[in-house]
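**Q** Okay, here's what each chain looks like letter by letter:
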Amino acid sequence: MILPEPGSWGPTLAIAAMAVATYLCRIAGVALMSVIPLTPHVRRGLAALPGSIVVATVLPLIERLGVAAATALLVAIGTMILRRSELLALLTGLAAISALRALGF
Amino acid sequence: MRARRPCALTQARAFRFWTEMPPEPQTQALDDDAPITAGGIWLGVRKVSVLMPGIVVFAVAFGAAAAAKGLSGLETFLMSAVVYAGVAQLVAMELWRPEWSWGAIAGIAVVTATVNARMVLQGAALQPWFARYSRTLNALHLFFYTDANWLIGTRYRSEGGRDLGVLVGAGVALWLVWVVATMLGYGLGALVSDPRRYGIDLVMPIFFAAMIVPLWRGRRGAVPWVVAGVVALVTAKLFDGYAFIIVGSLAGAVTGAFRDDPA
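Going down the list, the protein sequences come from chains D and R. Counting from 1, one number per residue, gives the positions in the first sequence under the numbering used here. Counting from 106, one number per residue, gives the positions in the second sequence under the numbering used here.
Note that these hints are calculated values from the structure, not bench results. Don't take every hint at face value.
Said to hold, decoys possible - Computed far set for chain R versus chain D, every beta-carbon distance over 10 Å:
no., residue
1, Glu199
2, Leu281
3, Leu293
Stated by the list, open to error - In silico contact screen, one side only, chain D against chain R (beta carbon under 7 Å); selected entries:
no., residue
4, Gly10
5, Pro11
6, Ile15
7, Ala28
8, Ser52
9, Ala76
10, Met80
This one's a predicted model, so the numbers in the text were calculated from it and none came from an experiment. Heads up, the beta-carbon is just placed ideally off N, CA and C, and yes, glycines get one too.
Starting from the given sequences, assemble the full structure and let the hints guide the process.
**A** Pasting the structure below:
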């Protein structure tokens, strides 16, 4: 049997496909870890995971987005060290990047 | 562990993980160890409200991009409501087309899964917490699981918290604001035609970078992070897309797993 072309349902089906893919990503890690025994190695790996995710996400983005972005993120980290406030870090970071981009960096 | 618990094995594992984690306080009661309270939900709403301004701007940018790409209001609404993943939605706008073949639909699903693959690891990282709750509840609250939720949950757990209400409150509040702000952006359309100018592309990277500070546990704990960063940089050089997040994170986790001293 051949499927009919999506036609006018195309956009809706594309959104549905994205929703299913995203939900599977959301539950997959939890489902996986509920069958993997939590040995000391796995436990240490999990403990190292959050920081690793953060660094692995941010560093290449800085590299791709350029010097201005790197400066903005450093400003945000500095704000966080001084004040421990995500909101303040966001504001100073965005202010830094807007200023740098306005100046042509 | 108590025999009345339905899944004693997962309980025991979760218990072991929980007590051996260095940042966790050792003194908490082991009874009613799976709380989800109204107080927790409210705390989650308060915690996520700090991230809201950035998320609103992000959602407005997505709504504006969707309007520019010719999506209908209903389609834009549906995407924010059921996909609910900012970066994936913005990437989808790059791939959006007027006509859809099955191949294109499969393609956008694969790209979405690739962009969101970090959620697999984020879920795994907090699974010992979720293991205490029922499958139905986990299946429900994970629909609202996002980067922001993961950041809030990770920080809350590292401070010794264990009320799942925090994630539920943060997730649902963020979802509501995300959907409303998307439609706002859709209506405003061209007003934010150049989101880069205001650094909107940096909102999530800034939140991630800021997280390094509360996660910091001294230099020895940072060795896996260095490995994660270097591997991610190399992967980003070699491959397009977002594979670097997964490859780098896993490299860091494996490094952490096989170091002899406690992480």
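**Q** Quick one: work out the minimum CB distance from Leu293 of chain R to chain D and report holds if it exceeds 10 Å, violated otherwise.
**A** Check passes; 19 Å lies beyond 10 Å.
**Q** For the hint on Ala28 of chain D, just tell me whether its beta-carbon gets within less than 7 Å of chain R.
**A** Ala28 of chain D check passes; min Cβ-Cβ to chain R is 5 Å, inside 7 Å.
**Q** Next item in the hint list is Met80 of chain D. Is there a CB on chain R closer than 7 Å to its CB?
**A** 4 Å, holds
**Q** Is the nearest Cβ of chain D still more than 10 Å from the Cβ of Glu199 of chain R?
**A** Given a closest Cβ separation of 13 Å, the condition holds.
**Q** The output says Leu281 of chain R does not contact chain D. Does that hold with a beta carbon cutoff of 10 Å?
**A** 17 Å, holds
**Q** Holds or violated: the hint that Ile15 of chain D contacts chain R, with Cβ atoms closer than 7 Å.
**A** Holds. Min distance 5 Å.
**Q** Once the shortest beta carbon distance from Pro11 of chain D to chain R is found, is it less than 7 Å?
**A** OK, holds: Pro11 of chain D within 7 Å of chain R, min 5 Å.
**Q** If you take the shortest Cβ to Cβ gap from Ser52 of chain D to chain R, is it below 7 Å?
**A** 3 Å, holds
**Q** Return the status of the interface hint for Ala76 of chain D: holds when the least beta-carbon distance to chain R is below 7 Å, violated otherwise.
**A** With Cβ-Cβ at 5 Å, under 7 Å, it holds.
**Q** Holds or violated: Gly10 of chain D as interface residue toward chain R, Cβ cutoff 7 Å?
**A** Holds: closest Cβ of chain R sits about 3 Å from Gly10 of chain D, inside 7 Å.
Going down the numbered hints, you'll see the structure goes against none, and every one checks out.
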